[in-house]
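A.B. asks: Here are the chains, one letter per residue:
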Amino acid sequence: MSALTMNAAAPRSGVWRRECLAEIRMAWRLPQFLLPTVLTPAAFYGLFTIAIAQTPSPAMAAASLAGYGVFAAIGPALFGFGAGVAMEREQGRIELKRVSPLPPGAFVAGKLCAALSTTAAALALIYALAVFAGVRLAPEQWILLAAVHLGSTVPHALIGLGIGMRMGGKGAVASANGLFLGSAVIGGLWIPSAYLPHWMQGLGQATPAFHLGQLARGVVGADTIGQSWVHGAVIAVITVAAAVWARTGWRRSPA
Amino acid sequence: MFDQDLSIVAALKGVSKRLGGNPVLSGLDLAVRAGEVTALLGPNGAGKTTSVGLLTGRIKPDAGRVTLFGLDPSRSASRARMGVMLQAAGLPDVLTVEELVTLQSGYYRDPRPVAETLAIAGLADLARRRCAALSGGQARRVQYAMAICGRPDLLVLDEPTGAMDRESRHALWATVREAANDGAAVLLTSHDLAEADALADRVLVMERGQILADDTPAAIRALVGGSTIRCRTVLSPANVLALPGAHRAEASGAEMLIVTGNAVATVGALIAADAALADLRVADASLEDAITGLLQGERRIAA
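Sequences listed follow chains A and B, in order.
Here our numbering is used: the first residue of the first sequence is 1275, the next is one more, and so on.
Here our numbering is used: the first residue of the second sequence is 2, the next is one more, and so on.
Calculated from the structure, these hints are not laboratory results.
Note that this is a predicted model, so its numbers are computed, not measured.
Just so you know, even glycine gets a beta-carbon here, dropped at the ideal spot from N, CA and C.
Treat each hint with caution, since some may be false.
Here chain A is said to cover these stretches of chain B; the calculated rule only asks that three of the stretch's residues, wherever they fall, bring their Cβ under 8 angstroms from a Cβ of chain A [said to hold, decoys possible]:
#1 56-67
#2 91-97
#3 195-207
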């Protein structure tokens, strides 16, 4: 009996990979979710940095790219997890997953893969626009920049999961929207923090978006506020806190 | 004593649970056995779905013990042997039926082949259809397929056939029966007493978090004494109750429903008392009659 039980408990190989592929497939089959999350960051970057400034200096286009890349990542993370999980929970789909033998980690990984895949597409578009605007970076800078941008998904996904496990669909959409736009403004992703009113800049320092944006600016050689290791440490602390928050939401949620 | 019964697959022992400050279950004992279809019946708010939530590990009891395959139900080792069809669960709109069932099958260690699962659930023709394009009854069949794809030792079906047409309902009943005959334990909650009557080996009647009756459908039907009489009569329910054998009389519209322990005596007296008697029909008491009687008796005591 106990040997049988142990055997049945062992997760079937490939369950994490299959869950990720299924979540990616679902995300890419939802054009009403995919198009805004992929196109909006590129449209904003093209409009505000390249079109309005007419011929921005490559340095300015690169500094702006740092912020818009973070912006591109936090949308899929906050909406896919916050609004997406809340709606799936209302439909009873999360409960069905939770009574199945799917490991909770694989569930989170699947959603994370979906967010990363749409973020990667959005990043590819704005990187292409940046090159078109004359941004030239060394290969290792591109790699580091992409790592910071894709990595921005993680803390925001956990914050989104915490929201999704606590709020109903409508409340979660509103919260995700508020966080998304709020982070973009006070975190200095659209307008560099140095140009923001002092109080806004101060408030922005509480957002992971600000610290991720500063890290990205450091990678492209733009002027930054504060030191990289401090930003890294703050991001780590926020990520751990968000993970704890998401986990308690998952455990306490009745469904 | 309970622990020694090896056929018990899932059990609640002395379980109490409050939700939102109200007691939902109080000291409930319940066992689900291998090879049996156990039906949990009762009015809304009786605690059926809460009991299912406890057995599937989704809710923790305030007091008492819940075991699933002898373990804590939140352990993945117990979930690996269980298939669940929830009362209300949506499907991912953009996946096809086959993709979804394949994904779910992959959660289990030794799943059925997907084609076989689809055939059992009557979905072979719908395999390539996206879930968004399914009717309510078809979506329930997909959820049933997701519940059985892992060859579970415990199949939990919470109101499985609500949105199904007659044909699908009977087809599903046949496959549930087959699963139980193959040794699976089945826990069924239902509002549809015909469903419980057709499927269940054991019926548990719940009200206000307690078990009122735990027996075979036939034994529970016998609790009310055996037969029902329906007719049009000028007599009042009080007059009818005075007839020999009659122990329940209810007027609904022009029709009178009488439950009796002695159909011959009651019908004889009825004909003698009412010359205008019409539309007389006599039948075995249905499970519904029996349970209505049980619940009414309980309410009278409580009041």
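A.B. asks: Hint by hint, say whether it matches the structure.
C.D. replies: Hints, verified against the model:
Given as covered by chain A, the segment 56-67 of chain B passes the check, having 4 residues with a CB less than 8 angstroms from a CB of that chain where 3 are the minimum. Look at the segment 91-97 of chain B against chain A: 5 of its residues bring a Cβ nearer than 8 angstroms to a Cβ of that chain, three or more, so the hint holds. Residues of the segment 195-207 of chain B lying with their CB closer than 8 angstroms to a CB of chain A number 0, which falls below the three-residue condition for coverage.
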